[in-house]
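Q: One-letter residues, chain by chain:
Number of protein chains: 2
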Amino acid sequence: MRDVAIIGVGMTKFGEHWDRSFRELGIEAGFKAIVDAGIESRDVDALYVGNMSGGLFLEQEHVASMISEAVGFTERNLPAVRVEAADASGGVAFQQAVLSVASGIHDTVVVGGAEKMSDLTSIEVTDAIASVADRSWEALFGATLPSLYALMARRHMVEFGTTREQMAQVAVKNHYNGARNPYAQFQREIKLSTVLNATPVAEPLGMFDCAPISDGAAAVVITTMDKAKEMGKDILVRVAGIGLATDTLALARRKTFTSFPATRAAAERAYKMAGVGPKDVDVAEVHDSYTIGEILAIEDLGFFKKGEGGIATEEGRTSLEGEIPVNTSGGLKARGHPLGATGVAQIVELVWQLRGEAEGRQVKDARIGLAHNVGGAGGTVAVTILEVI
Amino acid sequence: MRDVAIIGVGMTKFGEHWDRSFRELGIEAGFKAIVDAGIESRDVDALYVGNMSGGLFLEQEHVASMISEAVGFTERNLPAVRVEAADASGGVAFQQAVLSVASGIHDTVVVGGAEKMSDLTSIEVTDAIASVADRSWEALFGATLPSLYALMARRHMVEFGTTREQMAQVAVKNHYNGARNPYAQFQREIKLSTVLNATPVAEPLGMFDCAPISDGAAAVVITTMDKAKEMGKDILVRVAGIGLATDTLALARRKTFTSFPATRAAAERAYKMAGVGPKDVDVAEVHDSYTIGEILAIEDLGFFKKGEGGIATEEGRTSLEGEIPVNTSGGLKARGHPLGATGVAQIVELVWQLRGEAEGRQVKDARIGLAHNVGGAGGTVAVTILEVI
Chain X
1 MRDVAIIGVG MTKFGEHWDR SFRELGIEAG FKAIVDAGIE SRDVDALYVG NMSGGLFLEQ
61 EHVASMISEA VGFTERNLPA VRVEAADASG GVAFQQAVLS VASGIHDTVV VGGAEKMSDL
121 TSIEVTDAIA SVADRSWEAL FGATLPSLYA LMARRHMVEF GTTREQMAQV AVKNHYNGAR
181 NPYAQFQREI KLSTVLNATP VAEPLGMFDC APISDGAAAV VITTMDKAKE MGKDILVRVA
241 GIGLATDTLA LARRKTFTSF PATRAAAERA YKMAGVGPKD VDVAEVHDSY TIGEILAIED
301 LGFFKKGEGG IATEEGRTSL EGEIPVNTSG GLKARGHPLG ATGVAQIVEL VWQLRGEAEG
361 RQVKDARIGL AHNVGGAGGT VAVTILEVI
Chain V
1 MRDVAIIGVG MTKFGEHWDR SFRELGIEAG FKAIVDAGIE SRDVDALYVG NMSGGLFLEQ
61 EHVASMISEA VGFTERNLPA VRVEAADASG GVAFQQAVLS VASGIHDTVV VGGAEKMSDL
121 TSIEVTDAIA SVADRSWEAL FGATLPSLYA LMARRHMVEF GTTREQMAQV AVKNHYNGAR
181 NPYAQFQREI KLSTVLNATP VAEPLGMFDC APISDGAAAV VITTMDKAKE MGKDILVRVA
241 GIGLATDTLA LARRKTFTSF PATRAAAERA YKMAGVGPKD VDVAEVHDSY TIGEILAIED
301 LGFFKKGEGG IATEEGRTSL EGEIPVNTSG GLKARGHPLG ATGVAQIVEL VWQLRGEAEG
361 RQVKDARIGL AHNVGGAGGT VAVTILEVI
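Note that the protein sequences, when read in sequence, are chains X and V.
Sequential numbering of the first sequence, starting at 1, is according to this note's numbering.
Sequential numbering of the second sequence, starting at 1, is according to this note's numbering.
Bound-form chain X, shown alone (with noise of 0.2 angstroms):
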């Protein structure tokens, strides 16, 4: 396999971009990028795009098409591929796109991902997300995204002793660093009493637990690393270890409600791939679409022990200034959650990090970063790892 190398990012704010199409997010995304990359679109030889549910939002499928055209790569047919993976599209799509690259077929290539939620009511978006879930044996019968994490947070308070109140940390500590990333949906700290006070959506889960309805696109440029080394970068972002797992979708057919097995999966082969191990990394950014999902995220991939998410939330050990910061850019509690754009959008803020750019939320001396990309309620997860060289 030929080493991969990301040499440019970019992304939309994610927030309600009412008077905006999925076309002009991507467009957007794709051409911060490039730009960030200091290449010429002819540079280009293919398009990876992530997205969750082109077909459910806006009755629009072959995206990748529509995006490659958007960014005016079709005048040279470039080969353009859309990944669905739930809301672990964007991750997958990446991991796809470093694999094009690590096989010969393409030197350089751009991932982007996208979602535009905001065109339907919150119970068709609702409905829509539902559609990761087992429709016939989950959905059908009401379970919605929410409810099925509700069940998992339960279940973590008896087994554990976790906490509601160690739960909302997670949302303070989000909408803290999110008051910091310019590019965040909510860009203001928040009080543990807003989370504990809001409006319950599946108990214990209230409204500040749930990541919101989100419209954006994020991007990043990856090409080979001698390439990226030819280009003279300052500092070259490698990516040193893919992982991706599967699980049931239904909950009712998992062995354990209190851990992702494909967080696990997906984790140990991140990590063989790239020789390092969890207390390694220096910055991660993880699933947070319900706040129960960071405190399973940062035990499953081994910074903390089962049973001690909550805790070490509690005591700082994940904050800007803790141990290992999660989710410096507001994860997607506080940047916003646009499906299929979020597990790119998780690269992006790792090279801000690692490259010294995260201006008012930098963690000293990154140079092992994670992401973290779960689909649905854990049936696909994606890690991946980026070191800097």
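Everything labelled a hint here was simulated from the structure, so no lab data went into it.
Honestly, I wouldn't trust all of these hints.
Unchecked claim - Mimicking DSSO-like on lysine-lysine, the simulated pairs with C-alpha atoms at most 27 angstroms apart in a straight line are:
no. : chain 1 : residue 1 : chain 2 : residue 2
1   : V       : Lys191    : V       : Lys255
2   : V       : Lys233    : V       : Lys364
3   : V       : Lys227    : X       : Lys272
4   : X       : Lys229    : X       : Lys32
5   : X       : Lys227    : V       : Lys272
6   : V       : Lys13     : V       : Lys233
Stated by the list, open to error - A few chain X residues that face chain V, going by a derived Cβ cut-off under 10 angstroms, partial list only:
no. : residue
7   : Gly55
8   : Glu59
9   : Ser68
10  : Pro79
11  : Leu99
12  : Ile105
13  : Lys191
14  : Thr194
15  : Leu196
16  : Pro261
17  : Met273
18  : Val276
As the structure is a prediction and not an experimental result, all values here were calculated from the model.
We put the beta carbon where it would ideally sit given N, CA and C, even for glycine.
Given the coordinates of chain X, work out where chain V should sit on it, guided by the hints.
A: Same frame as chain X, but now just chain V:
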């Protein structure tokens, strides 16, 4: 890049499977391919799934993980990736799987393609299919896929004198072949007059110029050439070349209506990689979602000069006994067209032909086969070249 071989193939019968789910179709095709390969499930490293719109047809996204579970792969948390590129989803998924093996990350991969379309009304299906055209600039104004292909047919008639009868002959030939394929949706021959007198769909195209609405799944197992050789297979089928290309979704933004530039680009890439040309191809499966599509394909692939596809078809040059037999399976017209399954089913048919197992429709001494899979009205094209070694 590592050399890749196809070691197993399988598919369901295509047709209206009222009594079977998407999941069940996927299981049947997947296990048939695994059994055909002579391996066990535990030998598989990853799954790729081509599916056009689980979202619009079934309200079910995240289908790669769903199939991963259905075939038991989630017990080992195997990686699974869904690829979508309209009705080229199967062909593009196959190529991504090939790249994953070529890159070195996986050795043995199952690629499945599946679609379940019959659960909706035909009006709903037509609208869902229109999601692969440009929703904002075509479908929103009432242009469905048949009408877009009708525009191309009419223009081909004007520019090159292609006749209604020549297009109809595509359907007659493909039904003749389908009558010899036990997996085909329509296993009966038809007369030219049947096509000419059929209910108009979008003139000049009638009912028998259009591929049907179908359910079905197809799967193949690929591995490294080294592993395939170790297995001692009698006949080794090598993936000699792959090519992928995109074009504008909207016809209005194309320079030509009588050619698919994406077919030309994808074919050029695949021919170059394989080191062969159109004259070397012994058997081809091309994308005849509409009869005019096959005429465009055999011209753009270089089998015949531009404008001569209609005459060549009329003269029998693409029939089973002709110089380049096209759509020996019956094609999309007679084998059926479960959108995401089609590209994989094309590979299955070619492998049967190259192994000499296409009983009743076998092309003599077929050594090089070409699959041509189109997304929508030419917005994506995947061309794959296989050879016996």
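Q: When the hints from earlier in the document are held up against this structure, which numbers fail?
A: 1, 13, 14, 15, 18
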